[in-house]
Amino acid sequence: MSDARQSAAPAPVVPSAGIVGVITALSERRYGAFVLPTLLLVLMFLLSFAIGRYPVSPGELIEVFIAQLTGIAHDLPPVVDTVVFQIRMPRVVAAMLVGAALAASGATYQGLFRNPLVSPDILGVSSGAGLGAALAIFLSLPVIFIQGLSFIFGLAAVFLVYGMAQLVRGQSDPTLVLVLSGVVTSTLLMAGISLIKYIADPYDQLPAIEYWLLGSVASVKLTDLGTVLIPITLGLVPLVLLRWRINLMSLGDEEARALGINTSRLRILLIAAGTAMTAAAVSISGVIGFVGLIVPHMARLMVGPNFSRLLPATLLLGAGYVLAVDNVARTLAQVEIPLGVLNAFIGAPVFLWLLTRGRRAWQ
Amino acid sequence: MKLEVRDLSFGYPGKAVGRGVSFDLNPGEVVALLGPNGGGKTTLFKTILGLLKSQGGDAFLDGNSIRSMKRREIARGIGFVPQAYAGYFPFTVMDTVLMGRTAHIGMFASPSRSDRVVAEEMIEFMGIWDIREQPYTHISGGQRQLALIARALAQETKIMVMDEPTASLDFGNQVRVLDCITTLASRGIGVILSTHDPDHAFLCGNRVVILKDGRVAHIGTPEEVITSEMLRHVYGVDIEVRALETMRNGRQIHVCIPLEVEQHSVGSRTH
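The listed protein sequences correspond, in order, to chains A and B. Start counting the first sequence at 1; every next residue gets the next number (my numbering). Start counting the second sequence at 1; every next residue gets the next number (my numbering).
The following block holds chain A by itself, in its conformation from the complex (with noise of 0.2 Å):
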């Protein structure tokens, strides 16, 4: 909005006054609606190294993560480091990491397929990575295979939907076939994960690949987090360039063509960017479903559907999400539940109160 235009027009309505007003006019602005996200993010950062087994008290934390800036020791014991660094540290980061690439892919998708509905994995993305792990798991491979696999697998098989999607396509729907594609080619692959789990040995790896499944970021190592976050970058940068005319895909294949935009190349762009966001998470955390589907939901509420916002609302919102979720599922019983359960338990009530007062997320 130009300001000379802005001074022309009537003079804008100030919905109420006082402070309730000056909230209200901040979060309508540009930056305003960014500061809840960003709080609660900050906010479960800070949390997550504080709460669990041993609990570091705020005071704790920040003399631990000044002595590990600027190199002075501290005089606390040095389990307090250990606590901190080796063992939520990675923990915290491989939350995070996983949740922003998860929402972050799934808001491109929902734009790209025009579809609130869908979620990162609608192209077979996690159906794929779950196949290459319990392979892994079942070959009895050492982990980083398990990792390796499944990223590749992820990737493999949206590679083989697009393929049939391009096969087929004639001069229906793109995003249509597409997404029947992903259908199919999920449901196959479930069942290759089926027969493993069938074949495999039912004291070790059946559990083991049970709970590949079920999702968590509890045994992630720090050195496995500088390998996801090449391709999740990888991903992230098309998004951040192309951020405003992802918009346009979600006007539909013929109107954004005659608006300018080569769509089969913006297409093939955004799928493969999301893709290895989402197979890149899912290697390290196994399946967590949900995160996909509701968080670009509740940032399109906070910030509306203009991906320029988007974007970083879907980030910094994934990321508090799962750290949220994964805190709780760590701290609420003495045995651990699995991320993936826990956050399909929290998430199916959000989503449907979502559903209930958020209808403008889309309509």
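Treat the hints as calculated values from the structure; they're not laboratory data. Treat each hint with caution, since some may be false.
[What the hints assert, rightly or not] Across the chosen pairs, the derived CB separations fall in these ranges:
#1 B:Lys15 x A:Val184: 20 to 28 Å
#2 A:Ala348 x B:Lys15: 38 to 46 Å
#3 A:Glu210 x B:Met107: 39 to 47 Å
#4 A:Ile268 x B:Asp238: 50 to 58 Å
#5 A:Val42 x B:Phe108: 26 to 34 Å
[To be verified] Some but not every residue of chain A turned toward chain B, in silico, with C-beta under 8 Å:
#6 Arg114
#7 Leu248
#8 Ser250
#9 Glu254
#10 Glu255
#11 Arg257
#12 Ala258
#13 Pro305
Ideal placement from N, C-alpha and C gives every residue a C-beta, glycine not left out.
Please arrange chain B on chain A, whose structure you already have, making use of the hints.
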């Protein structure tokens, strides 16, 4: 800029819709495309825009074949107003109109201040300034249509293709859109629109193309082409075409009066 359609055949794979369509659209000219439902008007438009592959013949923009042009080049030459639809995500009217700037915006860029100025100008031109910050999904069908016209105007093209731009509008907005079309033509823009109302062709068209069963049935000035014989032939109903003089300035205008709508008296209806 001139649009030439030469012996164009169009349709969907495995289903031919029309063939042999030829006409020109010169700068400052308004061509009205009339014809029955299912006659192929929308399909023809999509083929001219290169959204559907032509099944023979070609469309040329200043002598360049549409087939050989990139999407961005076409979008800089031809603006397209589709029939209004509901929309999927609640983009504001402003955001929607800004999307018309796509062909002028770099691959990795977002709309600049000057893009916003153009969008605001078009929003004001279409008379939807008051709803510019409202979600496209929450405004009426007529307002959506006006927003889509503003979006096509924001493309700043020399050719405009409008698919039934008056279809979902109330009477006042219909007149406003027709006036907007003649204004565009006076600025040297060539406009081709499809419509179901022959009166609209009389009001703003320099030329009329009648498309029936995918072929050009008639072509010429509205006064030459739109006659009761033609209307009976194309639509199968009796219509009287009358020349009237307006009271205000004595300008002569043709209007169509349907004759088959019988006037039942109130009394006879009660039986």
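Against the structure, the hints come out as follows:
For Lys15 (chain B) and Val184 (chain A), the Cβ-Cβ distance of about 26 Å falls inside the hinted range of 20 to 28 Å, so the restraint holds. The supplied range of 38 to 46 Å is met by Ala348 (chain A) and Lys15 (chain B), whose beta-carbon atoms lie about 44 Å from each other. Under the hint 39 to 47 Å, the C-beta atoms of Glu210 (chain A) and Met107 (chain B), about 45 Å apart, fit the expected range. For the pair Ile268 (chain A) and Asp238 (chain B), the supplied restraint of 50 to 58 Å holds, since their beta-carbon distance comes to about 55 Å.
Checked against the given bound of 26 to 34 Å, the beta carbons of Val42 (chain A) and Phe108 (chain B), roughly 30 Å apart, stay inside it. Annotation: interface hint on Arg114 (chain A) holds; nearest CB of chain B at approximately 5 Å, less than 8 Å. With its C-beta approaching chain B no nearer than about 6 Å, Leu248 (chain A) sits inside the 8 Å limit, and its interface hint holds. Using the Cβ-Cβ criterion of 8 Å, the hint placing Ser250 (chain A) at the interface with chain B is satisfied: the shortest such distance is roughly 5 Å.
For Glu254 (chain A), the suggested interface contact is upheld, since its CB lies about 5 Å from the closest CB of chain B, less than 8 Å. A least Cβ separation of about 6 Å between Glu255 (chain A) and chain B falls short of the 8 Å threshold, and the interface hint therefore holds. Hint status for Arg257 (chain A) relative to chain B: holds, with the closest Cβ pair at about 5 Å, below 8 Å. Given the 8 Å rule on beta carbons, the hint for Ala258 (chain A) holds: about 4 Å separates it from the nearest Cβ of chain B.
Evaluation of the Pro305 (chain A) hint against chain B yields a held restraint, the C-beta minimum of about 4 Å falling below 8 Å.
The structure fails none of the hints (numbered hints given earlier).
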